[in-house]
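Chemist: One letter stands for each residue in the lines below.
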Amino acid sequence: MAENEKNHIIPYRTFLYVLAGLIALTLTSVTLTQISLGTLTVVIALIIAAIKSSFVLRIFMHLKFENKMFSRAVIGVIALLCAVITITLLDYLNR
Amino acid sequence: MISTAEIHRDDETSKTGMWLFLFTEMLLFGGLFIVYSVYRYRNPVAFHFAAQELSVVIGTINTIILLVSSATIAMSITAIQKKNKKLALLLLGVTILLGLAFLVNKYFEWGEHFKEHIYPGSSVLALRGQGDVLFYGLYFFMTGLHALHIIIGLVFIIVIATSILRDKIDSENHVLLENSGLYWHLVDLIWIFLFPLFYLIT
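If you read the protein sequences in the order shown, they are chains A and B. For the first sequence, the working numbering gives the first residue as 1, with consecutive numbering after it. For the second sequence, the working numbering gives the first residue as 1001, with consecutive numbering after it.
Rather than coming from a laboratory, the hints here were simulated on the basis of the structure. There could be a bad hint or two in this list.
Said to hold, decoys possible - Pairs of lysine-lysine, DSSO-like flavour, derived with a Cα cap of 27 Å:
| no. | chain 1 | residue 1 | chain 2 | residue 2 |
| --- | --- | --- | --- | --- |
| 1 | A | Lys-68 | B | Lys-1015 |
| 2 | B | Lys-1085 | A | Lys-64 |
| 3 | B | Lys-1106 | A | Lys-64 |
| 4 | A | Lys-68 | B | Lys-1106 |
| 5 | A | Lys-64 | B | Lys-1115 |
| 6 | A | Lys-64 | B | Lys-1083 |
Can you make the complete structure from the sequences, with help from the hints?
Modeler: Shown next as structure tokens:
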């Protein structure tokens, strides 16, 4: 069974490295969005937010080390959200 | 054998239940993000100027506070797995303090808005036009709902810390600690999107 996964101990330093990365990404995001880049600002901010959330999901929330079922379900929910957002925005942009 | 008296436990199912709950939370906030996007698209100028009034400094500090608190609760699981009860409790204590610090910042941040008579239903805000009413309505509702999640998360973590103190959660049985961690990380995850949408994109 999932005995191996259950006993998987993630070392403290992994979390510290990820934390350092997340803080660096936050500061990058703050710096880049203070420069006026128009629409690009939105794209950059959202891409950085997506990278940060993938770190939180995979490492902090253990998805990388869990049963693959969890990752698949999370991807499914994100895909559903993206689909709904895309359809709604397509509707509004083409009115 | 005493095995007949043992309570059957299935950690995988426990976590599955927690994840299913988190999915409903993701869809709840996802719906609010759609509302925000549509209103922003329809009121680009009002949203642009209103977003500039928010303090990027407080927003950034709160983002870092939440990220650190996420790391500390994640490390507390490692500590409990290594049978280091003291460190696990210490890390949970730090997480709770950071969560409280987030709320204190939020209190001062909202206090500043209230001083300028900016709050839902304010007549001063209504005079500024529909776009501003929508921006601040969404701002107070979404950050408020998020803050409510912080409070619930803190209560959850306090309950878990008490269980660790009473040895009800240990290196062999820590799925509840993991679930409280999952909840706390979700709160962090939502903030990762709230922060750029309200504070950074102007």
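Chemist: If you draw a straight line from the CA of Lys-1085 of chain B to the CA of Lys-64 of chain A, is it 27 Å or shorter?
Modeler: OK: Lys-1085 of chain B and Lys-64 of chain A at ~25 Å, within 27 Å.
Chemist: Checking one constraint from the list: CA of Lys-64 of chain A to CA of Lys-1115 of chain B, max 27 Å. Satisfied?
Modeler: Given that 27 Å is the threshold and the Cα spacing comes to 46 Å, the pair is violated.
Chemist: Sort out whether Lys-1106 of chain B lies within 27 Å of Lys-68 of chain A, counting only the CA atoms.
Modeler: violated, 37 Å
Chemist: Going straight from one Cα to the other, do Lys-1106 of chain B and Lys-64 of chain A come out at no more than 27 Å?
Modeler: Roughly 33 Å separates the two Cα atoms, so the pair is violated.
Chemist: Measure nothing beyond the straight line between the CA atoms of Lys-64 of chain A and Lys-1083 of chain B; if it is 27 Å or shorter, mark the hint as holding.
Modeler: Measuring from Cα to Cα gives roughly 23 Å; hence the hint holds.
Chemist: Are the Cα atoms of Lys-68 of chain A and Lys-1015 of chain B separated by 27 Å or less?
Modeler: holds, 13 Å
The structure does not agree with the numbered hints 3, 4 and 5 stated previously, though it agrees with the rest.
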